[in-house]
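Top to bottom, those sequences are chains A and B.
Numbers given in my numbering equal positions in the first sequence, counted from 1, plus 10.
Numbers given in my numbering equal positions in the second sequence, counted from 1, plus 501.
Don't read these hints as lab results, they were simulated from the structure.
Careful, some of the hints might be misleading.
[Unchecked claim] Listed below are the simulated DSSO-like cross-link pairs for lysine-lysine, each with C-alpha atoms no more than 30 Å apart in a straight line:
(1) K513/B with K174/A
(2) K513/B with K700/B
(3) K174/A with K700/B
(4) K700/B with K102/A
(5) K513/B with K564/B
(6) K700/B with K103/A
The lines below spell out each chain.
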Amino acid sequence: MNYFVIFLGAMLVNNIVLVQFLGICPFLGVSSRISTAIGMGLAVMFVMTIATIAVYLIQVFLLVPLSLEFLQTVAFILVIASLVQLVDIVMKKVSPPLHRALGVFLPLITTNCAILGVALLVMNREYNLPESIVFAIASALGFALALFIFAGLRERLELYDVPKAMQGAPIALVTAGLLALAFMGFAGLA
Amino acid sequence: MSDVATPTDILKENVWTSNPIFMQVLGICSALAVTNLLINTWIMTLGVVGVTAMSNLTVSLVKSFMPRKVRMMVQTLIIAFYVIIVDILLRAYMPDISRALGPYVGLIITNCIIMGRAEAFAQSNPPLISIWDGLTSGFGYMGVLLTIALFRELLGFGTLFGYQVLPNAFEPWIIMVLPPSAFFLLGILIWVAKSIMIKQGEPVA
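Given these sequences and hints, build the entire structure.
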């Protein structure tokens, strides 16, 4: 039951993009097409889960015993950066079209606040390993879900005549605001 | 950016014409979350200004020793160094604000603006002008965030920096405290900025 609460909480109630504002850069950047949104969502899901496990182990077996907790941020960002590199290499080999589509955004996962943010949140809330994994997967699913819905909305928006000054970021942000408003409806769930 | 850029040009460019938030929509990730109270925003953006300026300086100083291949890593480490200093200072001197900002201080590190400036400017410019570039970029960011925070705190709580300014009869707008308002306000702000720029005939990306 506990895991279920964590899962629902991380995915819907405290959606990392719409409620915690993590990972907005890729959220706005790769959301103009549904297909790239799915790719990005999958990449983030993969990286986030592995990164959280790696970061958790480093925290428990390296930083805490040596009382180096203040190095948390550096250690985490390094782990995440190398993991992203790995995903980059694997994806280039396995699926070149997807790799081309995601382009510059894959290296940008390193600076995707969502990954580091989830890692830091897990440490903040003092979850154990299984709880952390559930939290990471649920957060990533939440990210993918928000990205997917948002990409769908933006594909529709392209057909409409948006005022010049409103084009691009402003209309995207207003749309994101409406989506966030919709997600507030989940507030009572967990 | 050419080498003829004067400090005033840089100021105008970073604060207005290519303001990191208006034009590039960078670095809003860790930022929207802290704009519900002016005081939090103020401290957070001060941290960002400091980190941007100092990391620009450092990157500019060490750029000739840095092998090109590992420069991203080195830049990240430099930025992380300053973020940790900011984090420790906050924890020591302002524990309340540190708690309120939570993980978002650590997330300064992933603020695309800082990395962007280090890569785009400090990497190819002398130290002094790099500090200036870092400071002004930070100010551009600070200006936008403080504007958002001003509206959110004023309408959401009826206060400014924690002081009551609106009469008690004012019914606070709950939505201003909630996350969606940050998106709406930023969207409106960029919209206004873009409209003004189109009027002035500036090229809009």
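How the hints compare with the structure:
1. Straight-line distance between C-alpha atoms of K513/B and K174/A comes to about 23 Å, which keeps the hinted pair within the 30 Å bound.
2. For the suggested pair K513/B and K700/B, the alpha carbons sit about 17 Å apart, so the restraint of at most 30 Å is met.
3. Restraint check for K174/A and K700/B: satisfied, since their Cα atoms lie roughly 11 Å apart, inside the 30 Å limit.
4. For the hint pairing K700/B with K102/A, the CA-to-CA distance comes to about 45 Å; that exceeds 30 Å, so the pair is violated.
5. For a cut-off of 30 Å, the pair hint linking K513/B to K564/B stands: about 26 Å separates their Cα positions.
6. A distance of roughly 48 Å separates the Cα atoms of K700/B and K103/A; the hinted pair therefore is violated under the 30 Å criterion.
Consistency note: the structure conflicts with the earlier hints numbered 4 and 6.
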